[in-house]
Amino acid sequence: MRKIVSLLLAFMLLICTLIFSGCNTDPSKVVRVFNASEYIGEDVIKQFEKETGYKVVYSEFASNEDMYTKIKTTPYDVLIPSDYMVDRLIREDLVQPLDFNNIPNYKYVDETFKSPYYDPDNTYSVPYMWSTVGILYDSAKVTEEVNDMSIMWNDKYKGKIFMLDSVRDTFGMTLKKLGYSVNTTDDTELDEAKSELLVQRPLILGYVTDEVKDKIISGEGYMGLVYSGEAGKAMAEKDTLRYAIPENGTIYCVDAMVIPKKAQNKTGAESFINFMHKPEIAAQNSEETYYGCTNTEGLKLLPDAIKNNKGLYPDVDILEKSEMLKSDDKINQKYLEIWNQIMAAN
Amino acid sequence: MNRRWYSAPYIVWSLIFVVVPLLVVAYYGLTAQSADGSLEFSLENFKRFFTPLYLGVLWRSALYAAISTVICLLLGYPAAMILASKDLKHKSVMMFLIVIPMWMNLLLRTYSWLTLLENQGLINQFLRFIGVLGKEQSIQFLYSEGAVIFGMVYNFLPFMILPIYSVMSKMDYSIINAAEDLGANKFNVFKKVTFPLSIPGIYSGITMVFVPAITTFAISSILSGNNVNLLGNVIEKQFLVGNDWNFGSTMSLVLMIFILLSLVIMPDSEKESQGGMII
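Quick note, the sequences are listed as chains A and B, same order. 184 is the number that my numbering gives to position 184 of the first sequence; each next residue is one higher, with no gaps. 1013 is the number that my numbering gives to position 13 of the second sequence; each next residue is one higher, with no gaps.
Hints listed in this document are in silico derivations from the structure and should not be mistaken for laboratory results. Keep in mind that the hints are not guaranteed to be accurate.
As the list claims (entries may be wrong) - SDA-like cross-link-like pairs, simulated, lysine to any residue; straight-line CA separation at most 25 Å: (1) A:Lys-330 with B:Gly-1121; (2) A:Lys-70 with B:Tyr-1028; (3) A:Lys-233 with B:Gly-1121; (4) A:Lys-177 with A:Glu-320; (5) A:Lys-334 with B:Phe-1046; (6) A:Lys-156 with B:Gly-1121; (7) A:Lys-72 with B:Leu-1023.
Okay, chain A solo, but in the shape it has when bound (with noise of 0.2 Å):
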């Protein structure tokens, strides 16, 4: 009896140390960032580490959903997600207001992308970087000119077309096309979207989300619906790709960082945000992932050929055209449930 007890306890701490020995180091030395899936240039995290002496724990999540629920169990320093959970992050409490004494490199941020509708004074969040929704295309194999929704419900294109498996976006560019807001509640037009989607469905391949961009690439598609980063590295890949945002408006989305009321060292989560608006940071950040540069100088920086190009850097007046998502349970149970019945029809 007393082998098997001391045996389950030598057991017990073996776990107990596996669990906790990654804790044992000074968390005002620590930052604990939380990011997007491949959303940050190579080796920035390294040089923040080199330049303030921090050491950076770094995780990334495949969804702003994913991260809401993580972030109910783990403490982290920094978060960078979405505006529309920027949003429900500061309704809910969550996140602390910022000292800007500690974040000077804000005066960099563009001001287009200041007081957005999630953060109006500013107080709890930086813009990170933004992107918007559009269509990747094959030019050698699509040879209308691709200025609108449209394209993607002609039936010459049969089996070649991805859309979204992200309800919000797939609904918002079908609302768009059909001249509504992205955030309607409004049953007709709701009702308008899901015939329009209905109507679409046969002509689609399929419904993924970071897929898009290498079937596009691979020829397996000819046109999808992809985020304006993702479009930037395709076309990088394949000379015939482009991006077009649809002419009457499409869903642009800022990502910002927010340091979360449980962070444990918040001077350097704010040194983190400060360094990721250094303009040289921050122009590594967009060439490399190809998402919007937010911070003025950073974007002189960029090369030419991303800070030119019309797809990834659009001009103002389409941006004043276009909406971001705003989002709450209650929108989002609503979209679903149609969606679920766009779904179960085939």
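We have chain A already, so just place chain B on it with the hints.
Below, chain B without anything else, positioned relative to chain A:
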């Protein structure tokens, strides 16, 4: 020395990782958010589930799982029989080939089929190269129900073969010899002796294929490009997109009850499946 202590680690384990999560799912499933945001007991989500939309999804999941289970049985039973036969020469090699894919993660295995089966995938490229297909032609293997069922059969076939094999290899050959001595031909030996004795293995095989197949969401999502939405996919979205843990849990509960009921239908599966489970 009290033998009950031997099971203590497992009991602790299953309390933490099986019983508690199950209670949490039941709690969320049986409650709904009231007007002031707190959770209160409600069967509202069950009512919502029992509408044509979600019943249709459950039906489709059950149908595809059942089809895959039948295909697995038809493919797996003969394979298990051959494996168990005494005079098989390269038994270990065959066993190895069946088990080896299971050393790899299910997601990786499934993603690798994309590379093979896509319209621009290796198989289509090969067919184009040898001239079976024209330059712009391709056979569309993916993005359909067929692809999902194929993925289920491919991933879960070993779970059918192994339990049947394990029962068959333990079979007492003197009984078969006796049947032969008493004049039964090969077909009758199979019908009256081998097959009845292998039933426990078949039951475990069916369980071990049907249950993961009906609950899968990765296989359907990857191989059909989300064209085929099974209950697993709908539950996943309910949590991640809708953030509706209550309805998501309700759906999980219904699915669990459905699985339980469909296993009860199998006669005496518990009693007879002794020794059938090897993994």
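Which earlier hints can't be squared with this structure? Of the numbered hints, just 1 does not hold.
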